[in-house]
Amino acid sequence: MDMDMARDALVQEARELLAAMENALLEIEAEGASPEAINAIFRAAHTIKGSAGLFAFDRIVSFTHIAESMLDRVRNGTLPLDQPLMALLLECSDYIAELVDAIEARREDIEPDPERRARLEDALNALLGEPKAQVATVRQAAPEPAGQVEVESGESVSSDNWHLSLRFSQDVLRHGMDPMSFLRYLGTLGRIVHIVTLPDAMPAADEFDAESCYLGFEIDFASEVDRQTIEGVFEFVREDSDIRILPPHGKVAEYISLIGALPEPAGRLGEILVKGGALTSGELETVLARQAAEPVPAKPIGTLLVEQEMVPQAVVAAALTKQKQGEEKRAQEQKFIKVEVNKLDALIDLVGELVIAGAATNLLARKQKDPQFEEVSQALSTLVEQIRDAALTLRMVPIGEVFQRFPRVVRDISRELGKEIQLVVTGADTELDKSMVEKLSDPLMHIVRNAMDHGIESTAARVDAGKPAGGTLRLNAYHESGSIVIEVSDDGKGLDRERILKKGIERGLVQPDQILSDSEVFRLIFEAGFSTAETVTNLSGRGVGMDVVKKNIESLRGEVEILSRAGQGTTVRIRLPLTLAIIDGFQVMVGESTFVIPLELVIECVDVGGHDTRHNIVKLRGEPLPFLRLRELFDLPPADGVRESLVVVQYGQHRAGVVVDRLMGEFQAVIKPLGQLFNQVRGISGSTILGDGRVALILDVPNLIQRASRAQAALAWHGQATTTPEQTGGN
Amino acid sequence: MSNYPTPAGSSALAERGVSRQYLTFTLGGELFAMPIEQIREIIEFAGMTEIPLMPAFLRGVINMRGAVVPVIDLAVRFGRERTEIARRTCIVIIEVEQEGQMLLLGVLVDAVNEVLTVEPGQVEQRPAFGARIRAEFIEGMINLDQRFVIALDIRLVLSVEELATLIGVAAEAGAVTAE
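Each protein sequence line maps, in turn, to chains A and B.
Going by the working numbering, the first residue of the first sequence is number 1, and it counts up by one from there.
Going by the working numbering, the first residue of the second sequence is number 1001, and it counts up by one from there.
Worth double-checking, as some hints may not be accurate.
To give an idea of the interface, some chain A residues facing chain B are shown, with a C-beta separation under 10 Å as derived from the structure [claimed, not checked]: (1) 670; (2) 673; (3) 678; (4) 696.
Don't read these hints as lab results, they were simulated from the structure.
Backbone N, C-alpha and C define an ideal beta-carbon position, used for all residues, glycine too.
Whole structure, please, built from the sequences with the hints as guidance.
Laid out in structure tokens, this is it:
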């Protein structure tokens, strides 16, 4: 496999696991520790370590190793999962994320933050009761001194040797690996004191498959290397084989679980252990006696229970349920396949081409006036339309992918601010285009921070205002007429209209006697460098401003809107198109140029002739409507004697009219971005290809509406027009 | 334009010591050349879509098998009269790299002529003046039997960054006057 691809896969897997780990931690914090959640954390850390080990990313392996040892204690119940430990674990997961980032950036050789690492490792080692800095340095710089690894808790045995139990998977030979080579390599790391080959799994001769491996080994091994190095020997077979390593002076409990977990009868294993010197016969007696008395401790997930006749009935039953759950989960996993984004994009591109070719065929069919041809092409278009819709849904992902970061963010920030804030997430399964998910994350983060920092008051202020002491932050998403709407609401103090207005006047954004609606006032906070914060906290000080939020959303062809009521809270509402790839378009012409308006934004079309159209305001059914002429806006050559039409468009709450020469009707438009060259072009959001192969430009409706309203506002401001155009003088 | 004195120091091309292929084309009656490595294809002019409020050098966009490709009028870019569309007008599709991404651009020319194989010794350094186009656009002068052809440095002629800035300025101005 291509190394880069493998590396990307590793990074992605690690991030998913870290997210799972964080979720589990937060769940524990909210609802108390549960074995499932603790296991999930352990599993995540373990898998990250394992995958990183395959690539020899030692920084991550050594760090995760310590964390894993500590988690193991938590799982065994030897360490209580208390508040400080939770905080430590969260920070560890953050640091692992940093290490993963470093791998992604191809800088895995550099420690991202040595100080932080040392601090975390000290904290972990302190909990593990290990001497400081022994394991802290990277890559075997300080091998764990033999015999000290896990001695501190529980009784231990007297043997100075490692004990290894190997049960290779039957497929190991088919995977191209020879068990002997592992043993030979092991031999280079120390001395194999005693080895017993276990042929117990060998079937009768006629069932014997020459390509399967049936052998197991019990090995006593004298060596000074650390556990990690020994584990490293079996790195490539660890996945499907059963490899157990017990350190010198291992705990009695570990031997109990070892004997319980292995398929061979306990008595026989006991003999082997005694013969190899791993246990003295006295120790063996204790082990066997204790094993008979108590059920086998919980096993790590993934080791199959095969020793059914060995363990008490209750444990078997529990183990079987667990196994079944695992199978169900696997069945669920198989409902999804991972597909590279590139392949998906290529498919969407092709579907786009198909849509264009379909439109061309339709055009031709209509020209030919052959009813059969027309019928066939119609059937084809219907199918193409379905394929288009199906292909587009492939890219749809639930917005929960973005929302899942926020429980942690809210937790951290509320602590930092000393506020009590509860997060309520709704509509997490609302779907939107994958490409938008990535770009949405940063703006949302900023809005959430703002809401927590400036929106929600301190506990004291809330109590004074007669509100519940804890603030609530809501994240909500839903679909609304061809758009997805995402809302971030808080129940804080609301925006201070007067202060924003005053600031706007100070900065010359607003004229002192201008009358603005609430939403116009609130929109001021999206202006660059606009801040009414009296104190700049470290939250609002870092990161982007609201102007960048607005820019990011607009680059996705979206819109931000603010609703706020003093004393009751603020809602930031983001409206985005569902997809960036294909839209239903409405085709219009000005002179010889064709333009496309997204159909979902078109309200109606009106003949301009019968209306008074002075000063860019038309009176439509008694209501004034600002409009603009595309011909003037785009500086197109004038034309005489055309009967102009007015297309009324709406975006969010705002409406405007666009005057064009001719209306051409609906068609499916595949959006083609105009590219970097045209980044700064306003009024046009992209392009599309018409059925005849020509390129048509897609109008940027929100921008046009904004311009029309601004032109109207400017007119009103000059005092030449008030509310009705009839009263205006010459201009 | 013949017999330019060759200044001391050899051109970047000559240093490579290998022959290179160039496409020659005419623009306003004058012959130019560009290295063929970046040329993706040459298509006959068959109409294009103009984009409003663009500077004169950006003539519009075309559909090339589903990709929307901007078309640059090279003559205007060189500060001359805009290219008139005629029977032999062609669009040369060129691939330029911008911040690690490959970008297709079309270049409008009066006619394409031929592909030349040029030996390193045939290329001379650009003159300091006298070529009537910006000196940095010139990669070198190809000596064809005492006749010189300007070999263009396409990377600079089609600098996406510079073009985008010019377009931004024009769009800004357009937006202001339109309001």
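Go through the numbered hints given earlier and state which of them the structure violates, listing their numbers in rising order.
Result: no hint breaks.
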